[in-house]
Every structure is written in structure tokens, then in C-alpha cells.
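Chemist: Protein sequence lines, in the order shown, are assigned to chains Z and G. Residue numbers in the first sequence follow our numbering, run continuously in steps of one, and reach 461 at the last position. Residue numbers in the second sequence follow our numbering, run continuously in steps of one, and reach 186 at the last position.
Note that these hints are calculated values from the structure, not bench results. Possibly wrong hints are sitting among the right ones.
[To be verified] Subject to a maximum C-alpha distance of 16 Å in a straight line, what follows is the list of computed EDC-like cross-link-like pairs (lysine to aspartate or glutamate):
1) 45/G <-> 77/G
2) 429/Z <-> 77/G
3) 138/G <-> 46/G
4) 130/G <-> 414/Z
5) 400/Z <-> 428/Z
6) 100/G <-> 137/G
7) 240/Z <-> 291/Z
8) 171/G <-> 124/G
9) 47/G <-> 403/Z
[As the list claims (entries may be wrong)] FRET-style restraints, in silico, Cβ to Cβ:
10) 300/Z <-> 47/G: 22 to 30 Å
11) 263/Z <-> 145/G: 48 to 56 Å
12) 161/G <-> 274/Z: 55 to 63 Å
13) 356/Z <-> 109/G: 36 to 44 Å
14) 357/Z <-> 152/G: 13 to 21 Å
15) 131/G <-> 357/Z: 27 to 35 Å
[To be verified] According to the in silico footprint, chain G covers these stretches of chain Z (three or more CB under 8 Å from chain G):
16) 324-334
17) 411-422
Where a beta carbon is used, it is the ideal one built from N, C-alpha and C, also for glycine.
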Amino acid sequence: MTELIKLTINDTQVEAEKGTKILSAALDAGIYIPNLCYLPEADLPFGGCRLCYVEVEGRGPVTACTQPVTNGMVVHTQTPEVERLRRTAFKLLIAYHNLDCRNCPKNKKCELQKLAPKVKVKLKTPEDFRDLPTDLLPPDTTNPYVTYDPNTCVLCGKCVHVCAQKNGEPLIDFAFRGYETRLTMSSDITLIEEKCPSCGQCVAICPTAGLQTPTSSESNATLAEGG
Amino acid sequence: MTAPSKDEEKQITEGIREILSQYDKDKRHLIPILQKVQQSFGYLPGIATQKVASHLEMTDVQVFGVASFYNHFRFTPLGKHPVQMCMGTACHMVGGGLVLEALERTLDIKVGGITEDKEFSLDRVACIGCCGLAPVMVIGEKIYPKMSPTKVDEALVNLKMEAEED
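Bound conformation, chain Z alone:
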């Protein structure tokens, strides 16, 4: 049996197996910590969304998805400092996001819409940041099974992970860097047809409207079931 670690999260005694990260220990104990890019089955946490900041006594703020639990650890999930960090992280996520929610196929099913009240941020382009380019980028439609919209993608990396799990190697990956970072799929149609099993997992796991099935948003469900 694996060793059990005892820690305190928000004055609650929590037990978790050695090697567990704070985030999954908290979620298992019914304590909510905002998160977006976290995948429990991933070996290595992506740690990209920065929404799961918690305060560990004696250590200060850490991302709960990357920090393993230790004996006697005291974690606070609601301090003003971590809430501020989460707000900033969330604002950075939406700073570059096409916030035309009303016309978005993922409206009311979007993770960002669910998260906004939890991190206490309004879903509108933050005004306290330096101006970013506002021109919408064209969607990537080369893949017949998946359309990529760089304007709503939050680069959480979930699709890259599930695709790699399913196919051995990702058929979607990050490209470029900084503001220009976006996802890329093979531009070669024969290669896509050969390798992409059109399982729809990437579409199903996408927290926003970044990846969609080309026909309409309604067929998402059927495709996801097939995968």
C-alpha cells in the first residue's frame, strides 16, 4: 500500500497518497480550487492556466496542480493573495479571447463562463492591460474533422495531451511563441487522413470553442460518443 500523507486544507484534515498533487487531494476531499488545464490522468501537470494558485504556509503561493502533498502541510485556498493571482491569471486568459459569447457555439457550455464567477472576474476584455491586437485570426480548416479557432483557444494543452495519448504522438501541437502561440495541425491532407482517427476527443475535451467539428456545434456530442 502506498504511504498516506496527512495535510490540512482550509482547516480540514485531508489524507492523500504520497505523490498526489494538492489540487487532486483537494478536489477528492470536496474542496474546490479553480482549474482549467488540469488533467488528472496526465503524468506531468501542464501548469499553464495558473488558476489553481493556493497558499502553502511557509512557502507562499504555489500552483496546486504541480505541488505534491507533504506531511503536515497547511494549505489555504482562499487568501486575498491567491485570489488576486487567480484573477490576474484569468484576465490574461481572456485578454486575447474573442468574447463574443452570444454568438459562440460553446455559449453556456464554456469553461471560461463557468470559471468567471468563481474567480470573481467579469467576462469582458480587461482594461488594465496594455492594448493587444484585436483583429480576429482566420480559423484553421485544413483538417476535415476539426476546425481550429485561434481566437477562442486558451492554449490549455488538453487536446495535445489526449491526442498524444490516443495516437502515440500528438497530431495537434503548439507552434510559434509568445502572443503568436497557437495550435497547429498538419497542413498535409493526406497525412491527416492517414493518421487522424477522427475520434473527436480533442473537440470533446476543449474547454472553449477552440476546437470544433466543422459542420456544426451540434454534432460535437455524437462525435464525442464515437471516440
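Start from chain Z and add chain G according to the hints.
Modeler: Below, chain G without anything else, positioned relative to chain Z:
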């Protein structure tokens, strides 16, 4: 980006095959291979990512992800006159960005692009080493010191006329 002709494509495929034959199938060779390919052709042709990917048993998106991360790699060929605008600290401070914008307007291409007639390509570089002459532009081997947006046309006009005569 204009697609390479059949002959060019054959030449590129051959060249890449030769480069790949020098490396075994190990992911750690990815960047050295890409550097070699760029050295031979001046850029990374579209088919290069696929050929390199299948040699290293990676997917082409992974190769593209790595290559696009580094400014060092380019996906468009160099023009006959490669234009480089210095964006080092000194050139940046005295308005290098404005000159770069003027170049983009005049050539009607973005940084990293190439004009349709393949005469000019435009890139930003970090430092050319003559900060005293900032802002500095380089076309081919020739250095254009103390540039300003208004001097862009003047610098390009001869080269453009030369291109029309050919």
C-alpha cells in the same frame, strides 16, 4: 508563399534525403537537422518538416512546433536582396520600429515575408554591431546607417529599378 516548382521540389527532396542520411533516428538530432536544412536552402521548405518528422518518427506538427518556436528558422525563402532591420537596443530606442513599419508598408510584406517577385525579403535582427549608426538597415552586404522612415524609399529605389530592368 509560392509553392516551389517541380524541379525545385525534386532538388529539395534530394537535398533533405542526403542531410537525413547523416543522422540516425534520434529526436535529439532534430534541431541540428533543421539547421542543416536551413543552411542548404536558406529556409525550411514545407516538405522538410514532413521528411524530417518521418525520419525521426515524430509527427510533422511536433517538428513545426519546434521550428516555429525559434526565430532562427524561417519558412519562406530569402529574397534576392534580403533586407534586415536591426531591432537591437540602440536601434529600437531611436525609432527602428518605425523604419521597420515603413519597410513593411513599402515592400507590402510582413516581417519574415518575401515579395511576390522574390526580390526582397524582410527580417528583423538583434544587433548588427554598429550601434553608433543606429537605426541600421542592412540589404545584402550593404549597411544603411541612421535610417528613418523617409529614407526607406530612397534606399530601395535603385534595387527596385534594377529588378525591373532584369
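Chemist: Now look at each hint and say whether the structure bears it out.
Modeler: To see whether the hints hold, each was checked on the structure:
1. 45/G <-> 77/G: holds (7 Å)
2. 429/Z <-> 77/G: holds (13 Å)
3. 138/G <-> 46/G: Violated, at roughly 36 Å.
4. 130/G <-> 414/Z: Judged against 16 Å, a Cα distance of about 14 Å means the pair holds.
5. 400/Z <-> 428/Z: holds (15 Å)
6. 100/G <-> 137/G: The given pair, whose Cα atoms are some 9 Å apart, holds under the 16 Å limit.
7. 240/Z <-> 291/Z: holds (15 Å)
8. 171/G <-> 124/G: Roughly 14 Å separates the two Cα atoms, so the pair holds.
9. 47/G <-> 403/Z: Holds. Residue 47/G to residue 403/Z sits at ~13 Å (cutoff 16 Å).
10. 300/Z <-> 47/G: 22 to 30 Å: holds (25 Å)
11. 263/Z <-> 145/G: 48 to 56 Å: holds (54 Å)
12. 161/G <-> 274/Z: 55 to 63 Å: Taking Cβ atoms as reference, residue 161/G and residue 274/Z lie about 57 Å apart, which means the hint holds.
13. 356/Z <-> 109/G: 36 to 44 Å: Roughly 39 Å apart at Cβ, these two residues keep to the hinted range, so it holds.
14. 357/Z <-> 152/G: 13 to 21 Å: 50 Å Cβ-Cβ, so the 13 to 21 Å window is violated.
15. 131/G <-> 357/Z: 27 to 35 Å: Given a distance of about 33 Å, which is inside 27 to 35 Å, the answer is holds.
16. 324-334: violated (count 0)
17. 411-422: holds (count 6)
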